[in-house]
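Read top to bottom, the protein sequences are chains Z and Y. First residue of the first sequence? That's 0 in my numbering, and the numbers climb one at a time after it. First residue of the second sequence? That's 0 in my numbering, and the numbers climb one at a time after it.
No lab work stands behind these hints: they were computed from the structure. Please read all numbers here as calculations on a predicted model, not as lab measurements. There may be inaccurate statements among the hints.
Note: identical chains are not told apart, hence a pair may lie in one copy or across any two.
What the hints assert, rightly or not - Straight-line C-alpha distance at most 30 Å; calculated DSSO-like pairs for lysine-lysine: (1) 112 / 31; (2) 92 / 18; (3) 14 / 51; (4) 18 / 49; (5) 7 / 92; (6) 92 / 82; (7) 159 / 85; (8) 31 / 163; (9) 14 / 164; (10) 113 / 14; (11) 92 / 14.
Residues per chain are reported as follows:
Number of protein chains: 2
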Amino acid sequence: MNLTEKIKAKIREVKDFPKDGIQFKDITPLLKDPVLCADITDELMHQTIKLKPDAIACLESRGFWFGMLIAQRLQIPFIPIRKLGKLPYETDKYSYSLEYGTATMEVHTDAFKKGQRILIHDDLLATGGTASAAAELIKMQGASVCGFIFLIELSFLNGKENIKKYCPDVVSLVGY
Amino acid sequence: MNLTEKIKAKIREVKDFPKDGIQFKDITPLLKDPVLCADITDELMHQTIKLKPDAIACLESRGFWFGMLIAQRLQIPFIPIRKLGKLPYETDKYSYSLEYGTATMEVHTDAFKKGQRILIHDDLLATGGTASAAAELIKMQGASVCGFIFLIELSFLNGKENIKKYCPDVVSLVGY
């Protein structure tokens, strides 16, 4: 099996989570396989080192799992981007529309430096709403997005179309 | 500076977060220092390898940051223990009392195997309530706790006293 097949074999489909009609991609079985996790980290590193990131911004919470591994492999800072109310220090905020209502993402005001090239990471790309919010926060602090990196992409939701205006380099290891 | 001093120098104290009277230890400045993160991971690995863990259970969300790094360094499975409603598959649940009300932690029903030795990790040990909940979930599945590992311990809250009944091996790199 190649890496994509190995990853797909470990992803568990959970029906109707977090709500009816959604077929959730559960990557927790994959986290129980340390050799596969090492292979995934290697591949994510190889695909992103050429983007020359100065730091990696990772999205709460599933984006934290491989985020620190990539940050360490590239020896760059790890910046958490979190849901409203979770970060303790002063934050910049960005709100975006969901199907019903809005969501707000936050980052510490001293997270990025002007001119830095930032890689955005999450476990899964769906519509791209959260990744776009992350990109807006990065722009707000005078840094730029040098790439997006996901384990999984739900291609039928066209997330890539929504985020490529921030940066055309969008990497994912597994597509559905 | 030794490692403890280096860590303390990077921890930001934030007043009145998440509520009045709490002096929050913000480790996000430390995550921006990849060399220090590597040194911390080395130290956590050296202090836990002798406990011979079969897997590491990490507490949402700040426990995810170093959790995956330790799991990879020891080449063992990473098991997330999360707040109620975050894990997609069937779960075991454990509720515990807080100052006001209760909190519930969950783990997937297939997280641990009977007889496994499990290391519990979080960024910070306060009263030990969440770490105890994690220990109860591990026992519920027929596994045992082989150690606790924290970056920070708030010694004045006596958390160590509350968790050592599960296992006397409690490691922390920085104390207050």
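These are the hints, each one checked on the structure:
In the homo-oligomer, the alpha carbons of residue 112 and residue 31 lie at most 30 Å apart only across protomers (12 Å), although the nearest pairing inside one protomer, at 36 Å, exceeds that limit. With identical chains, the CA atoms of residue 92 and residue 18 are at most 30 Å apart both within one copy (26 Å) and between copies (20 Å). For the homomeric pair residue 14 and residue 51, neither the shortest alpha-carbon distance inside one copy (38 Å) nor that between copies (36 Å) is at most 30 Å. In this assembly of identical chains, residue 18 and residue 49 lie within 30 Å of each other by CA distance neither inside one copy nor across copies; the values are 38 Å within and 43 Å between.
With identical chains, the CA atoms of residue 7 and residue 92 are at most 30 Å apart between copies only, with a shortest distance of 28 Å across copies and 35 Å within one. In this assembly of identical chains, residue 92 and residue 82 lie within 30 Å of each other by CA distance both inside one copy and across copies; the values are 9 Å within and 24 Å between. Taking the closest pair of Cα atoms, residue 159 and residue 85 come within 30 Å of each other both inside a single copy (27 Å) and across two copies (25 Å). Within a single copy, residue 31 and residue 163 get their C-alpha atoms only as close as 32 Å, which misses the 30 Å cut-off; across copies the closest is 26 Å, which meets it.
For the homomeric pair residue 14 and residue 164, neither the shortest alpha-carbon distance inside one copy (32 Å) nor that between copies (39 Å) is at most 30 Å. When the C-alpha separation of residue 113 and residue 14 is checked against a cutoff of 30 Å, the pair qualifies only between copies, where the shortest distance is 27 Å, while the shortest distance within a copy is 43 Å. Taking the closest pair of Cα atoms, residue 92 and residue 14 come within 30 Å of each other only across two copies (20 Å); inside a single copy the shortest separation is 32 Å, beyond that limit.
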